[in-house]
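4 protein chains.
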Amino acid sequence: MSGGVKEKSFVSTLVKNSYGKSQVRLSKINRSGKVPTWKEITVEIELAGPEFADCYYEGDNSKIVATDSMKNMVYVFGARNDLNSIEEYGLALAKHFLDHYKHVDEANVRISEDMWVPIAIDNGHHDTAFVKDRGDQRYTHIQMTSKATKITSGIDNLVVAKITGSEFTGYITDSYTTLKPTTDRIFGTKIEARWTWKGTNCDFNSAFSKARSLMLETFAGHHSLSAQQTLFAMGDAVLAAVSDIEEISLTLPNLHRLPFNLEPLGMENKNEIFVTTSEPHGVIKGTMVVRGF
Amino acid sequence: MSGGVKEKSFVSTLVKNSYGKSQVRLSKINRSGKVPTWKEITVEIELAGPEFADCYYEGDNSKIVATDSMKNMVYVFGARNDLNSIEEYGLALAKHFLDHYKHVDEANVRISEDMWVPIAIDNGHHDTAFVKDRGDQRYTHIQMTSKATKITSGIDNLVVAKITGSEFTGYITDSYTTLKPTTDRIFGTKIEARWTWKGTNCDFNSAFSKARSLMLETFAGHHSLSAQQTLFAMGDAVLAAVSDIEEISLTLPNLHRLPFNLEPLGMENKNEIFVTTSEPHGVIKGTMVVRGF
Amino acid sequence: MSGGVKEKSFVSTLVKNSYGKSQVRLSKINRSGKVPTWKEITVEIELAGPEFADCYYEGDNSKIVATDSMKNMVYVFGARNDLNSIEEYGLALAKHFLDHYKHVDEANVRISEDMWVPIAIDNGHHDTAFVKDRGDQRYTHIQMTSKATKITSGIDNLVVAKITGSEFTGYITDSYTTLKPTTDRIFGTKIEARWTWKGTNCDFNSAFSKARSLMLETFAGHHSLSAQQTLFAMGDAVLAAVSDIEEISLTLPNLHRLPFNLEPLGMENKNEIFVTTSEPHGVIKGTMVVRGF
Amino acid sequence: MSGGVKEKSFVSTLVKNSYGKSQVRLSKINRSGKVPTWKEITVEIELAGPEFADCYYEGDNSKIVATDSMKNMVYVFGARNDLNSIEEYGLALAKHFLDHYKHVDEANVRISEDMWVPIAIDNGHHDTAFVKDRGDQRYTHIQMTSKATKITSGIDNLVVAKITGSEFTGYITDSYTTLKPTTDRIFGTKIEARWTWKGTNCDFNSAFSKARSLMLETFAGHHSLSAQQTLFAMGDAVLAAVSDIEEISLTLPNLHRLPFNLEPLGMENKNEIFVTTSEPHGVIKGTMVVRGF
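Residue numbers (the numbering used here), protein chains in the order written: chain A, 28 to 320; chain B, 28 to 320; chain C, 28 to 320; chain D, 28 to 320.
A couple of the hints might just be wrong.
Note that the list lumps identical chains together, so a pair holds whenever it fits in one copy or between two copies.
Using 25 Å as the maximum straight-line C-alpha spacing, the simulated DSS-like pairs for lysine-lysine come out as follows [as the list claims (entries may be wrong)]:
id, residue 1, residue 2
1, Lys-129, Lys-43
2, Lys-312, Lys-66
3, Lys-225, Lys-122
4, Lys-177, Lys-43
5, Lys-312, Lys-129
6, Lys-66, Lys-207
7, Lys-312, Lys-177
8, Lys-207, Lys-217
9, Lys-61, Lys-43
10, Lys-225, Lys-174
11, Lys-297, Lys-129
12, Lys-312, Lys-61
13, Lys-312, Lys-174
14, Lys-66, Lys-217
15, Lys-297, Lys-312
16, Lys-217, Lys-237
17, Lys-225, Lys-90
18, Lys-312, Lys-122
19, Lys-90, Lys-207
20, Lys-129, Lys-237
21, Lys-66, Lys-174
22, Lys-43, Lys-312
23, Lys-225, Lys-43
24, Lys-217, Lys-43
25, Lys-237, Lys-66
26, Lys-66, Lys-297
Honestly, the hints are just simulated from the structure, not real lab data. If you're wondering where the values come from, they're calculated on a predicted model, not measured in any experiment.
Sequences are here, hints too, so could you generate the full structure?
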């Protein structure tokens, strides 16, 4: 099969396309202040549009921005932009693709940010040395066309557990049920949150911090009758307090700690000894908007 | 915050929900034939519907099928069903949820199957001993409501590379471009394919085998002017030959092997020495349907 | 080949053996105090001894403690022991194997502990809800025979980075050298530490905390002429301050952030823009003891 | 703490050191034959010796071969060496470090090779296109000093399972035992093998192929009374047939498939339905030499 074949020799039609660069990792030291500051992000660029079709049909690359060039732009804009927030940096980068390459229909920029914590020393912390004492990452996705811009931000891998204040009773019991109800179980999960912003000019950093704290506090304080109920309470707390956010989706895997049966071994398990498991696990999802929105 | 709060104390409304069980791993020996046969699959169940909302608002679990019971059903249906294909097993399982629990609006069953290969012995192979000499997994997703059933199947992690027959020239060169064009590069990728079936009663197994072979053969034989062009040729080959498939989407990361610069070390790199990289990597996507479909 | 063959039909002799159970995950709530406390650990048991040889030669299991029983013991001792430290729990578990099964020559218990942090609320923190705001794990290995007990403890996956105060100059330059010297680079690493204790009755918990803090503080404060020098300074700080530790080994991968070359793109990189990399990476190792020890 | 401190201000002495470069990934096309051939390997270099101590004590890098230069040598020797086997390439590379840098006491080269399989087409296979239809990797470790060279080679991640011909009975039953004996279980494992060669001039490639086949065939054909017995039979088969190998060590995790209890669900499990598990898992190890060796 030759690369030069004409479109007509195919049986099929391209109905959707996109391409880009993933896992572009940028580390930026900002030396403009008294002490240098630092960010580390991982960027994905994805472009789409009907003008790319000839590359699929005929290998015509004349409209193709090389993914290697996309990688270069991540670093060039890393130098040009002060990276105050991943949302602002991502907006600048997405806009560049639409401005600079008129045939691009849609530009997607997805960014994940590692959250470094200053190393504690004496009664304070070190300015320029960091430890990864945060398991979660901050995330944003800029989807931009000539007509609209949508920003979705969130959190990944925020691993939490509460060892009391979680029940699960009253569910359907039928011939497929073997689970025993419990009024005191461990509830462990790994929070994934995605929220959409009311505009493109929000206070992204403080909203992120507030959302993260509220989800943690609500998870900790909520007396949970089901993972679903806690999920809703967490999302509701964010929507109630962070006015820049218009919709929030949460995904909570239920990472079960199963009571270990000590009876065959001559002991009683007083709700103290559990098997930590990774699989299988429950998954609970929900999307909320402000009532009347 | 108490779990018994009434809906009215919330600011938000649940607009979307789902929950289920992930990573349920089933290993089945079928002992009905002369020699036992074997399958290993990983199943995910996800249910959705407005009737689950009270569980989110009030922690009312009376409509909840426990995810632990879902796990039980995976094994019960593993025993009841002969598991001829993951599609047939998945259809039976999805139908069960809609039949047995009338308040369930939508049932999703996602299955990944490990592909074991009989161990070679002498001039043949062993009947009941296997080696994982297949890196890829077979996949299906059954999405079922009372009104419609959609089956999407595919392949994950089919890792391939060709060391010649791949060019990349003629792309946009501007102030962001540093990549040099090449008429002979290594093209390595990890094929992810998803296709939708024309109905629910197809010959799933032979179509899968044919699709896999065709994608491999086309990748091998295609003279590639761009990863996009090869992607299209691969999808087109499947649509041309497998009539049960109506649409196919391919995702091909471009896992670059970069020429190592030997010049500063006093040698010439005659297109022989490359750095294998994982990141950053290109990603090429495309969706095709039969022309006129 | 039958399982009942006699030893004499083999050409080879077993010169070393061991077997056991890995990835036994225990979650324990201790309800003895005013508020419940919680630990999560992953345990590995490995037994060795000449009396196990017949199991290898002839499939004679009469001396075999099933690895499933080992798993049971992890949970039984989880219930019996207060798990004040993984070292004390591990010692009790290892001793059990030697006491209870006289034919066991050597028992190894390896334990990894996840480090959970209480969730912050208002001006304090929640007692019974936790977030994994610690990327590192605490580790211990108890190696016990009837004659001796050796405890090796440590830290895994303590990821750190400093953005200034790190140089690398003066190394060998010859025909294989292309690296440019630098007096100000990012130094990122993932600390793995292993230390041996002077006895079996140490204050394991406070020594661990002190060692962790000292390694972080030294990493932060040390002006580094090489990763080796910083490694030595970190180990030395621990040996100087924690008298229960007699030897310490550190492994520091050098997780490079490479300056991105902005020149071909018409900009200057003022030591601000870096490519975060995972591979290839340096690895620096060193073992220290107290001088004169 | 300054980098310029003198050794005497430390409390400790360096008793062991090493440093090097890991995860150097080389892809080589050999264009010397009629069709190009291809290898992909991942290399680790680790050097050790007392002359490196001043780098630890004082940050004196004058004896340091930069790990970046080590990386360069991997590619330079990739160009110079025909890479007929990873053992021959590794020997050349290790020798270079000892020859070129006289102060190096010991050079370790560890290499892992991905095993690509030609893509099948029509009645044959494609010469220059490959699929990763091999889950395992080939491994070697060259340890070289001026006095001795030791080569250890092996296999990683050879995942296998047999669905019959495996028993486990007759083990110790006491108050810690809950496992039921079985005369027909699934035996799944991931073979890790390491063997030492009788010299440095062996037929590495054919010995590797023979060892791999023999381990697979023996695993398939052996009637197993215990994982230990099968391990020994596998190692013995290699030692009996491959005269260049003088010692072999095998590590076999026992990746359990647990019978799922269908009884509470009103069905009988006729040894057909299993839960595939990853953790906890057994681990069986053994080292064998030729009798009388």
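- Checking Lys-225 and Lys-122: alpha-carbon separation at most 25 Å within a copy, between copies, both or neither? So Lys-225 and Lys-122 pass the 25 Å test inside one copy only (19 Å; across, 40 Å).
- With identical chains treated as interchangeable, where does the CA-CA distance between Lys-61 and Lys-43 reach 25 Å or less: within a copy, between copies, both, or neither? Classified as neither; 49 Å inside a copy, 41 Å across copies.
- State whether the alpha carbon distance between Lys-225 and Lys-174 is at most 25 Å within one copy, between copies, both, or neither. So Lys-225 and Lys-174 pass the 25 Å test inside one copy only (16 Å; across, 35 Å).
- Item | Lys-312 and Lys-129: within-copy, between-copy, both or neither at 25 Å Cα | The answer is between: 21 Å across copies meets 25 Å, while 38 Å in one copy does not.
- Item | Intra- versus inter-copy proximity for Lys-66 and Lys-312 (alpha-carbon distance at most 25 Å) | neither (31 Å within a copy, 28 Å between copies)
- Message: Regarding Lys-66 and Lys-207, is the shortest C-alpha distance of 25 Å or less found within a copy, between copies, in both, or in neither?
- Response: between (47 Å within a copy, 24 Å between copies)
- Message: At most 25 Å between alpha carbons: which applies to Lys-177 and Lys-43, within, between, both or neither?
- Response: Both: 20 Å inside a copy, 19 Å across copies.
- What label fits Lys-217 with Lys-43 when the C-alpha limit is 25 Å: within, between, both, or neither? between (33 Å within a copy, 20 Å between copies)
- Task: At 25 Å max between alpha carbons, let me know whether Lys-43 reaches Lys-312 within a copy, between copies, both or neither.
- Result: Between copies only: 8 Å across chains, 28 Å inside a chain, cut-off 25 Å.
- Task: Up to 25 Å between alpha-carbons, please classify Lys-217 paired with Lys-237: within, between, both or neither.
- Result: For Lys-217 and Lys-237, the Cα distance is within 25 Å only inside one copy (18 Å; across copies 30 Å).
- Task: Tell me, please, which holds for Lys-312 and Lys-177 at an alpha-carbon limit of 25 Å: within, between, both or neither?
- Result: both (22 Å within a copy, 21 Å between copies)
- Query: Is the C-alpha distance from Lys-66 to Lys-217 at most 25 Å within one copy, between copies, in both cases, or in neither?
  - Reply: Close inside one copy (24 Å) and across copies (18 Å); limit 25 Å.
Checked against the numbered hints given earlier, the structure breaks hints 2, 9, 11, 12, 15, 17, 20, 21 and satisfies all the rest.
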